[in-house]
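Produce the complete structure using the sequences and hints provided.
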Amino acid sequence: MARKLVKKRGKKVGAAPGTLVHVGDKTDTVAQIRVVDYDQEHLRDQRLKDPNACRAFKSGPRVAWINVEGVHEVHTVEALGQGLGLHPLVMEDILNTDQRPKVESYDDYLYIVIKMLQYDPLQHEIRPEQVSLILARHYVLSCQERAGNVFDGVRERLRTGRRIRFLGTDYLAYALLDAIVDNYFALLEQLGERIEALEEELITRPTPATLAQIHHFKREMLLLRKAVWPLREALAKLTRDETSLIAAETRIYLRDVYDHCVHVLDTLETLRDLLAGMLDLYLSSISNRMNEIMKVLTIMATIFIPLTFIAGVYGMNFEHMPELAWPWAYPAVLLLMLGVAAGLLVFFRLRKWI
Amino acid sequence: MARKLVKKRGKKVGAAPGTLVHVGDKTDTVAQIRVVDYDQEHLRDQRLKDPNACRAFKSGPRVAWINVEGVHEVHTVEALGQGLGLHPLVMEDILNTDQRPKVESYDDYLYIVIKMLQYDPLQHEIRPEQVSLILARHYVLSCQERAGNVFDGVRERLRTGRRIRFLGTDYLAYALLDAIVDNYFALLEQLGERIEALEEELITRPTPATLAQIHHFKREMLLLRKAVWPLREALAKLTRDETSLIAAETRIYLRDVYDHCVHVLDTLETLRDLLAGMLDLYLSSISNRMNEIMKVLTIMATIFIPLTFIAGVYGMNFEHMPELAWPWAYPAVLLLMLGVAAGLLVFFRLRKWI
Amino acid sequence: MARKLVKKRGKKVGAAPGTLVHVGDKTDTVAQIRVVDYDQEHLRDQRLKDPNACRAFKSGPRVAWINVEGVHEVHTVEALGQGLGLHPLVMEDILNTDQRPKVESYDDYLYIVIKMLQYDPLQHEIRPEQVSLILARHYVLSCQERAGNVFDGVRERLRTGRRIRFLGTDYLAYALLDAIVDNYFALLEQLGERIEALEEELITRPTPATLAQIHHFKREMLLLRKAVWPLREALAKLTRDETSLIAAETRIYLRDVYDHCVHVLDTLETLRDLLAGMLDLYLSSISNRMNEIMKVLTIMATIFIPLTFIAGVYGMNFEHMPELAWPWAYPAVLLLMLGVAAGLLVFFRLRKWI
Amino acid sequence: MARKLVKKRGKKVGAAPGTLVHVGDKTDTVAQIRVVDYDQEHLRDQRLKDPNACRAFKSGPRVAWINVEGVHEVHTVEALGQGLGLHPLVMEDILNTDQRPKVESYDDYLYIVIKMLQYDPLQHEIRPEQVSLILARHYVLSCQERAGNVFDGVRERLRTGRRIRFLGTDYLAYALLDAIVDNYFALLEQLGERIEALEEELITRPTPATLAQIHHFKREMLLLRKAVWPLREALAKLTRDETSLIAAETRIYLRDVYDHCVHVLDTLETLRDLLAGMLDLYLSSISNRMNEIMKVLTIMATIFIPLTFIAGVYGMNFEHMPELAWPWAYPAVLLLMLGVAAGLLVFFRLRKWI
Amino acid sequence: MARKLVKKRGKKVGAAPGTLVHVGDKTDTVAQIRVVDYDQEHLRDQRLKDPNACRAFKSGPRVAWINVEGVHEVHTVEALGQGLGLHPLVMEDILNTDQRPKVESYDDYLYIVIKMLQYDPLQHEIRPEQVSLILARHYVLSCQERAGNVFDGVRERLRTGRRIRFLGTDYLAYALLDAIVDNYFALLEQLGERIEALEEELITRPTPATLAQIHHFKREMLLLRKAVWPLREALAKLTRDETSLIAAETRIYLRDVYDHCVHVLDTLETLRDLLAGMLDLYLSSISNRMNEIMKVLTIMATIFIPLTFIAGVYGMNFEHMPELAWPWAYPAVLLLMLGVAAGLLVFFRLRKWI
Ligand SMILES: [Mg+2]
Ligand SMILES: [Mg+2]
Ligand SMILES: [Mg+2]
Ligand SMILES: [Mg+2]
Ligand SMILES: [Mg+2]
Ligand SMILES: [Mg+2]
Ligand SMILES: [Mg+2]
Ligand SMILES: [Mg+2]
Ligand SMILES: [Mg+2]
Ligand SMILES: [Mg+2]
Ligand SMILES: [Mg+2]
Ligand SMILES: [Mg+2]
Ligand SMILES: [Mg+2]
Ligand SMILES: [Mg+2]
Ligand SMILES: [Mg+2]
Ligand SMILES: [Mg+2]
Ligand SMILES: [Mg+2]
Ligand SMILES: [Mg+2]
Ligand SMILES: [Mg+2]
Ligand SMILES: [Mg+2]
Ligand SMILES: [Mg+2]
Ligand SMILES: [Mg+2]
Ligand SMILES: [Mg+2]
Ligand SMILES: [Mg+2]
Ligand SMILES: [Mg+2]
Ligand SMILES: [Mg+2]
Ligand SMILES: [Mg+2]
Ligand SMILES: [Mg+2]
Ligand SMILES: [Mg+2]
Ligand SMILES: [Mg+2]
Ligand SMILES: [Mg+2]
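For the record, the sequence lines run as chains B, C, X, S and A.
Residue numbering for the first sequence follows our numbering, beginning at 1 and increasing consecutively.
Residue numbering for the second sequence follows our numbering, beginning at 1 and increasing consecutively.
Residue numbering for the third sequence follows our numbering, beginning at 1 and increasing consecutively.
Residue numbering for the fourth sequence follows our numbering, beginning at 1 and increasing consecutively.
Residue numbering for the fifth sequence follows our numbering, beginning at 1 and increasing consecutively.
Keep in mind the hints are simulated off the structure, nothing from the lab.
Treat the hints loosely; a few may be bogus.
The list cannot tell twin chains apart, which means a pair is met if one copy fits it or any two copies do.
[What the hints assert, rightly or not] Here are the simulated DSSO-like cross-link-like pairs (lysine-lysine), alpha carbons at most 30 Å apart as the crow flies:
#, residue 1, residue 2
1, Lys102, Lys58
2, Lys26, Lys7
3, Lys26, Lys102
4, Lys26, Lys49
5, Lys226, Lys237
6, Lys237, Lys7
7, Lys8, Lys226
8, Lys7, Lys102
9, Lys4, Lys226
10, Lys295, Lys352
11, Lys102, Lys237
The structure is reproduced here in C-alpha cells:
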C-alpha cells in the first residue's frame with residue numbers, strides 16, 4: 001500500500017503557472033544528462049555535466065537526443081528548459097510526474113507525456129514512471145524519473161542500425177515511444193499469467209486470500225487503465241496531426257505504436273472482465289459451500305432431534321407409565337426410532353439433498 | 001445530512017426569467033466588493049462601498065478585477081449587473097447558486113460558472129461553493145458565496161508578479177480558474193487518503209461502520225462528479241471558442257487548466273471504481289465470516305447431537321433393558337460415543353472443514 | 001399501480017396516419033379554449049366557444065395565445081387543427097398523449113411536445129401530463145390534457161409585464177416552456193427530500209418497507225427519465241435551429257431553459273445513483289444482521305450442547321457407573337461443565353465473536 | 001424453448017454470395033403472390049400464379065404492390081428477383097430470414113428489412129417474422145415469411161382512401177412500415193401488462209416461479225431489442241437519405257415512423273430497467289425471508305437450550321446431590337427456568353428481534 | 001486452460017520495428033505456398049517451392065492468389081514480403097499472430113488482418129487463427145497459421161464459377177473475407193446451442209458444474225468479442241475508403257460482409273446478456289434452495305425443542321415433584337406436548353412456511 005493512488009502535490013496549490021516544483025517520489029541520486037548526437041556518418045555519446053550546455057543542440061546540424069534521468073532536480077530541468085526555450089507550463093509538467101499521457105503542440109516543438117510501466121513480481125504491483133518527450137526539429141529531449149534500461153535497445157540501434165541514422169528526430173521519438181509501449185506487452189504477459197493462475201486456484205481451492213488477490217488485481221487494473229487509456233488519444237493525435245515535425249513516412253510507424261496501444265487496451269479490458277467474472281464465481285462458490293454446510297447440519301439435526309425427544313419421553317419419572325413395564329417396549333421404541341430415521345432419510349433423498 | 005443533494009428554489013417556480021432571487025445557504029454577513037485595477041506600472045486595491053461605482057471600471061483604461069463575496073445580497077448583485085450591463089439571465093444565474101459549471105457567450109462578455117470545493121475533515125464532507133466569472137474586455141467580475149482565501153495567491157501575484165501584470169483580463173480569468181482547479185487536487189489528496197485508509201481498515205478489521213463509510217464516500221463522489229464533470233466541457237469550450245476576448249497565448253494556459261480538470265475526473269473515476277470494489281470486498285468478507293460461524297456451529301452440533309441421543313437412550317426408564325445390568329456396558333457406551341465423535345471428525349477433515 | 005408504464009393505444013393499430021383518436025386518460029370534463037391576444041398596447045383575454053373561430057388568429061395583427069385544456073375532445077382538436085392548417089400527423093400527436101418530448105419543423109410552424117410533471121405527495125407518485133405547443137408566426141397554440149395552474153404566472157406577466165408584451169410568439173412559447181421546466185425543480189425538491197428521508201431511515205432502522213420504497217422510487221426515476229431525457233435534445237434543437245420563427249434574442253432565453261433541463265437530468269442521474277447505492281446498503285445491512293443472529297445462535301448452542309451431553313451421560317441408568325457413588329462427583333461434574341463453558345467463551349473471544 | 005436465439009444457416013457457410021438458400025422455419029404452405037396496382041382512378045387486386053409475370057409491373061404506368069407470403073419457396077423468390085432485376089445479394093437476404101433490420105441503397109431501388117413481431121399470449125413469447133421491402137419507382141415488393149393480416153388495413157385504405165391513391169410508391173412503402181411499427185405498440189402493451197402483473201405478484205407473494213418469469217421476460221427483451229434497435233438507424237437513414245425515390249412530403253410521414261420506433265425503444269429500455277429492479281427486489285425479499293426464518297429458529301433454540309440443560313443437570317443420577325431432597329427445590333428450579341427465559345426474551349427485545 | 005488469454009511476445013520487446021520474429025503457437029509442419037492465377041479464360045493452380053518466385057505475380061497480367069499456410073517460417077514470409085515489396089511493419093504483423101483485426105492502407109496495397117475462428121466441440125473452446133490479407137492491384141496474398149479447408153469453397157468457385165473469374169483482386173479478397181465471416185455463423189450456432197442447453201439445465205437441475213460452465217462461456221465470449229469487435233470498424237473502412245483498389249461494384253459485396261459482421265456482434269451481445277442473466281438465475285436458485293433447507297431445519301428444531309424440554313423437566317430426579325405421582329399426569333403431559341406441536345404447526349402455516 002506504499003504506492004498511493006493520488007499523488008501529493010500540496011505545495012503547488014495556489015502557485016503561479018509555471019512554478020517549478022517537483023511532484024513525485026523523492027530520491028537521493030544525482031540527475032544524469034546524456035546526449036547522443038548523430039548523422040548518417042558520425043555518432044557522439046557524451047555525458048553532460050552542465051545542463052546549460054544543451055543550448056548547443058537546440059539547432060545543431062545533427063540529430064541530438066538529450067536524455068535526463070531524474071526530474072527531481074528542479075534546477076537541472078529549469079536550466080534545460082531555458083536553454084531549449086521551453087514554455088514554463090511544459091517545464092512545470094515535466095517536474096510534475098502525476099500527469100496523464102498527452103500530446104501538446106507548441107510553436108516549434110511537440111510535448112509528449114507517456115507512462116513507463118514496470119511489474120514488481122514480489123509485490124505483484126505495477127510501478128509507473130513518467131517519461132516526458134520534447135520533439136523538436138533538431139533534438140529530442142527525454143526526461144525519466146529514474147535510471148533504467150528501457151532505452152538501451154534504441155541506443156544500440158543508433159550505434160549499429162542504418163534506418164534510424166538516416167531519419168530525423170521524429171523517427172527517434174517514435175523509437176522511444178515504441179520501446180515504452182513494447183514493454184507494456186511484457187507487463188501484460190506477467191499480469192495475465194498471474195491472473196490465469198489465480199483463476200485456476202479459484203476453481204480448484206478458493207480461499208479468502210484468493211478474494212484479496214482478485215481485489216488487488218482489480219486495483220492494479222484501475223491504475224493500468226488510468227495510465228494507458230489517455231495514451232490512445234494522444235497517439236492518434238500524433239498520427240493525424242498536421243505538424244510539419246513528423247514526416248509522412250514516420251506516421252506509418254506511429255500508426256503501428258497506436259495499434260499496439262489499442263491492443264494493450266483490448267487485453268486490459270478482457271482481463272478486467274475476467275476479474276469481474278472471477279469475483280462472481282468466488283461469491284457463488286461461497287454460497288455453494290454454505291449450502292453444503294447447512295445441508296449436513298440440517299440432516300444430522302433433523303434426524304436426531306425427534307429421536308432424542310422419544311428417548312426423553314421414556315426418561316420421564318412418572319409413576320404411572322404402563323409402557324415402561326412392557327417387556328417388548330424397549331426394542332419396540334428402538335424400532336420406532338429406526339423407522340423415524342429411515343423416514344427422514346427417504347424424505348431427504350426425495351428432496352435430492354443426499 | 002445537513003447538506004442537501006437538491007437545493008430549494010421553490011420561490012422561483014413560475015417567476016419571470018431574470019427575476020432576481022437568491023437560491024443558496026442563507027447567511028448574515030454583509031457582501032464585500034473589492035476592486036483591484038492595474039496596468040504594468042500601477043496597481044490599486046480598494047474596497048467598494050457602493051456597487052454602482054463599478055460603472056467606472058466597465059471600460060476603464062486598466063484591467064479591473066471586481067470581486068464580490070456574498071451573493072445573498074440581491075440588491076448588490078443587481079446594482080453590479082446593471083452597472084456593467086449584464087443580461088438579466090446572467091444576474092439570475094449569479095444569484096442562483098445551484099448551477100452546473102458552464103461557459104456562455106454574450107455579445108461582449110463570457111459568463112463562466114465553476115464550483116469551488118472545500119473538504120470538511122470533521123464531517124468528511126465536501127462543501128461546494130459557486131463562483132461566477134464575467135470575463136469582459138476591461139474587467140473581470142468574480143462572485144463568491146462566502147469569504148475565503150482561495151484567490152489570495154492571485155492577489156499576491158498581482159502585487160509582485162510580472163507576467164500577470166503585462167497581460168489582459170483573459171489571463172486574469174485564467175489565473176482565477178487555475179486557483180480553483182488547483183484546489184481540487186488538495187481535495188482529492190484528502191479524499192484519496194481517507195479512502196485508502198478505509199480500504200486498509202476493510203481488509204484488516206471490517207465492521208458495519210466501514211460499510212457506512214463506503215456508502216458515505218460513494219455519495220460524496222456523486223456530488224463531486226456532478227460538480228466537476230460539466231466543467232470539462234466548459235473549459236474545452238474556452239480553449240476552442242472563437243471569441244476575441246481570449247488571446248491565443250492565454251489559450252495555452254487554459255489548455256493546462258483543462259488538462260488538470262481531465263486529470264481530476266480520471267482520479268475521481270478511479271476512486272469511484274475503487275469504492276465499488278471495496279463494497280464487493282465487504283460483501284464477500286461478510287459471506288466468508290458467515291461461513292466460518294456456520295462451520296463452527298455445524299461441527300459442534302453434528303458431533304454432540306448423536307452422542308446426546310445415545311445418552312438419552314440409556315437414560316430411559318424401561319424395566320426390561322438388559323444392557324443396563326451388564327458390567328462393561330457403561331465403558332462400552334463411552335467408547336461407542338468416542339468412536340462416533342472420531343468418525344464425524346474424520347468426515348469433517350475429509351470435507352476440509354477443519 | 002393505477003398509472004401504467006405503457007399506455008393503451010390499441011384502437012390505433014392499423015389506422016391510417018392522421019387518424020384522430022384520443023390516447024390517454026378518459027375524463028368527463030368539457031374542453032376549454034381560452035385565447036389571449038395582445039400587442040404592446042392592448043390585451044384581450046376571452047373564452048372561445050367555437051373552435052372554428054380560431055381561424056381569426058392564424059394571421060392576425062397581434063400575438064395570439066390559444067390555450068386548450070382537455071385534448072380528449074377529438075372534434076375540438078380537429079376543428080382547431082383544420083382552422084390553423086396543421087398537418088394531420090400533428091393533430092394525431094396532439095391527441096396521442098403518449099409521445100416523447102420532441103421538436104418537429106413544419107413549413108410555417110414548429111411542433112413541440114413536452115411533459116408537465118406533478119408530484120402526488122399521497123401516493124409519492126409522479127403524474128405526467130402531455131403539453132403540445134405550436135409555435136407559428138402569429139400565434140402559439142398550447143394543448144394540455146387537463147385544467148391546471150402552471151401557466152398562471154405567464155398569464156399574469158402578459159397582463160402586467162413589459163418585456164413579454166414587446167416580443168413575439170417565440171418569446172411566448174419560451175415563457176410556456178420555462179414555466180413547465182421550472183416546475184421540474186419543485187418536483188425534484190420533493191423527490192430529493194423523500195429519498196434523503198428514506199436514506200436516513202435506511203441507516204437508522206431499515207425494514208422491508210424501506211426496500212419497497214427504494215424500489216418504488218427507482219421506478220419513478222425510470223418514468224421521470226423517460227419524460228425528461230428526450231427533452232434535452234429537443235431544446236438543443238430549438239436553440240440551434242435555423243428557423244426564422246425564433247429570434248436570436250430569444251435563443252439566449254431558450255438556452256437558459258436547455259441549461260435547466262440539463263441540470264434536471266444531472267440531478268436525476270445523481271438521485272438514481274443514490275438509490276442504487278441505497279439498495280446495496282440495504283442488502284449489506286440484511287447480511288450484517290443475519291451475521292448477528294447467527295452469532296448469537298452459534299454461541300448459545302455451542303456452549304450448551306456439550307454441557308447437555310455431559311448431563312445426559314450421568315443421567316444414564318447403567319447399574320455399573322462407579323462415579324455416581326463418589327461423594328465429590330456431582331460438584332466435580334459441575335466444575336467440568338463450567339470449565340467447558342469457559343473454554344468455549346475464550347475460543348469465541350479469540351475469534352472476536354464476543 | 002422451441003424458438004432458438006441463433007438460427008441455423010449451416011448450409012450457407014462457404015457458398016458463393018448470392019447463393020439462394022432459405023434460412024428460417026420450414027413450412028408446407030404454398031407461397032402466395034398478390035398484386036394490387038392502382039392509380040387515382042383504377043385499382044386492380046389479383047393473385048399471381050406465375051412469378052415471372054411480375055415483369056409487367058417493373059415499369060408499369062401505375063403503382064404496383066407485389067406482396068409475397070412465404071419466402072421458403074426459393075424458386076418463387078428467384079423468379080421475382082430476376083423478373084424485377086434485383087441484385088443477387090438482395091435475393092439472398094430476402095430468403096435468409098435471420099437479418100438485422102436495415103436499409104440499403106441500390107441503383108434504382110431501396111432494400112428495407114424490418115421485423116414483424118407477434119406476441120403469443122400462451123407461451124408469453126414474441127414471434128418475430130422478417131419482412132423485406134423493395135421500394136422502386138413503379139412498384140413495391142413486400143415479402144413475408146407467413147400469411148398474416150397486418151397489411152389488411154393498408155389494403156382497405158387502398159380501396160377506400162384518397163391520400164394513398166394520389167401518392168407514389170414511397171407513400172405505399174411508408175404505409176407498410178407504419179402498419180408494422182404500429183403493431184409494436186400492441187406488443188408492448190401486452191408485455192407491459194404482463195410485467196406489471198408480475199411486479200404485483202412479486203410484491204405480494206413471490207415464489208421461485210416469479211423468478212423464472214422475470215428471467216423469461218429479460219430474455220424476451222433481449223430478442224426484442226435485437227429486432228428493434230437497428231431499425232432506428234435504418235429509419236433515420238430513410239428520412240435523411242438523398243435518394244430521389246422518396247418525396248419530401250413522404251419524409252414527414254417517415255419521420256413519424258422513426259418517432260414511433262424511438263418511442264418503442266424508450267419503452268423497451270424502461271421495461272428492461274424495471275425487470276432488473278424486479279430481480280433485485282426478488283433477491284432482497286429472499287434475504288429478508290431467510291432473516292425471518294433464522295430469527296424464529298434462533299429465538300426458540302436460544303431460549304430452550306439452557307432450560308433443557310438445567311433439566312438435564314437435575315436428571316443426573318449421582319447419589320450425592322443434596323438439592324434433590326430439598327422440598328422447595330423443584331419449584332425453585334422451575335422459577336429459575338422462567339427467569340432465564342424471561343432474561344433471554346428481554347435480550348431479544350433489546351436487539352429488536354421480537 | 002492451455003490457450004492463453006495473453007500471448008507471449010517477450011523476445012520482441014526492445015527490438016527494432018520490422019524485426020521479424022514469429023509470435024504464436026509453435027509447429028513442426030513445413031509452410032506451404034500455393035498460387036492460383038487466373039483470368040476469364042485460363043486458370044493455373046501450382047505449389048510454389050521457392051518463395052522468391054512470387055515476384056512473377058507482383059504485376060502479372062492475370063489475377064494471382066498467393067496462399068501461405070504456416071507463418072511460423074520467418075524466412076518464407078520474409079522472402080515473400082521482399083519479393084512483393086511489403087513494408088517491414090507489415091511483414092512483422094504477419095508473423096505476429098497476436099494482432100487485432102484491422103485494415104491499413106499502404107501506397108499500393110491494403111493490409112487486412114482478420115481472425116478465423118474454429119469451435120472445438122470437445123473442450124467447448126474457440127480456437128482462433130490469424131489470417132493476413134494483402135490486397136494489391138495484381139495479386140492477393142493470404143497468410144494462415146495452419147493448413148485448413150475454409151478457403152476450399154473459394155478455390156472451387158474459381159475453378160467453376162463465372163462471376164469471380166471476371167472480376168479483379170478486390171472481389172477475390174472479398175470472397176476470402178466472406179468465407180471467414182460466414183464461418184462465424186457456424187461457430188455461433190454451436191455456441192448458442194450449448195448455451196441454450198446450459199440454460200435448460202440451469203432451470204431443471206442446477207449444479208456447481210453448471211456455474212463453472214457459465215463462467216467458461218462468459219470467458220469464451222470475451223475472447224470472441226475481442227476477435228470480432230474491431231473487425232466491424234475495419235470492414236466499415238473497406239466499404240468507405242477512397243482507395244482505387246476496390247471497385248464500386250465490389251463495395252456492395254463488402255457491405256454484405258460488414259452486415260454479417262454486425263449481425264455476429266449483435267448475436268454475441270445477446271448471448272453475453274443471456275449468460276449474465278443465467279448467472280443471476282443461478283445465484284437466486286442457490287438462495288431459494290438455502291431457504292428451503294433452513295425452513296425444514298427450523299420447523300423440525302422449533303417443534304421438538306420445547307417438547308424435549310418438557311420431557312427433560314419430568315426426567316428430573318427431585319424427591320418432591322407431586323405431579324409424578326398423579327395417575328393422569330403422563331397422558332396429560334403427552335397431550336400438552338401434542339398441543340405445543342400443533343400450535344407451532346399453526347404458527348408456521350400462518351407464516352406460509354408449510
Ligand atoms: Mg500542466
Ligand atoms: Mg491522469
Ligand atoms: Mg482514464
Ligand atoms: Mg499490435
Ligand atoms: Mg474492444
Ligand atoms: Mg464479466
Ligand atoms: Mg439560468
Ligand atoms: Mg448541475
Ligand atoms: Mg454530471
Ligand atoms: Mg495534468
Ligand atoms: Mg477511467
Ligand atoms: Mg470495480
Ligand atoms: Mg406521430
Ligand atoms: Mg417516450
Ligand atoms: Mg430514455
Ligand atoms: Mg441551470
Ligand atoms: Mg452515473
Ligand atoms: Mg452508487
Ligand atoms: Mg446479406
Ligand atoms: Mg444482419
Ligand atoms: Mg441489436
Ligand atoms: Mg411517438
Ligand atoms: Mg433499475
Ligand atoms: Mg440495479
Ligand atoms: Mg504492428
Ligand atoms: Mg493490435
Ligand atoms: Mg475487447
Ligand atoms: Mg447478415
Ligand atoms: Mg445491441
Ligand atoms: Mg446490455
Ligand atoms: Mg441480463
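Should Lys8 paired with Lys226 be assigned to within, between, both, or neither, using CA atoms and 30 Å as the limit? Both. Shortest intra-copy (17 Å) and inter-copy (24 Å) distances satisfy the 30 Å Cα cut-off.
Under a CA distance limit of 30 Å, which applies to Lys4 and Lys226: within one copy, between copies, both, or neither? Both: 14 Å inside a chain and 25 Å across chains, each within 30 Å.
Intra/inter-copy verdict for Lys237 and Lys7 if alpha-carbon distance must be at most 30 Å: This pair counts as both: shortest intra-copy Cα distance 27 Å, inter-copy 28 Å.
Is it within, between, both, or neither for Lys102 and Lys58, if the alpha carbons may be no more than 30 Å apart? within (23 Å within a copy, 39 Å between copies)
Using 30 Å as the alpha carbon limit, work out where Lys26 and Lys7 are close: within a copy, between copies, both or neither. Answer is within; shortest intra-copy Cα gap is 12 Å, inter-copy 36 Å.
Taking 30 Å as the upper bound on the Cα-Cα distance, should Lys295 and Lys352 be classified as within, between, both, or neither? both (11 Å within a copy, 16 Å between copies)
One pair to classify: Lys26 and Lys102, alpha carbons no more than 30 Å apart. Within, between, both, or neither? within (24 Å within a copy, 38 Å between copies)
Between Lys102 and Lys237, at a C-alpha cutoff of 30 Å, which is it: within one copy, between copies, both, or neither? both (9 Å within a copy, 19 Å between copies)
30 Å Cα cut-off: does Lys26 pair with Lys49 within a copy, between copies, both or neither? Within. Shortest intra-copy distance 22 Å satisfies the 30 Å Cα cut-off; inter-copy 50 Å does not.
30 Å Cα threshold - placement of Lys102 relative to Lys7: both (18 Å within a copy, 28 Å between copies)
Between copies, within a copy, both or neither: which fits Lys226 and Lys237 at Cα up to 30 Å? Close inside one copy (18 Å) and across copies (24 Å); limit 30 Å.
Violated hints for the displayed structure: none, as all numbered hints are satisfied.
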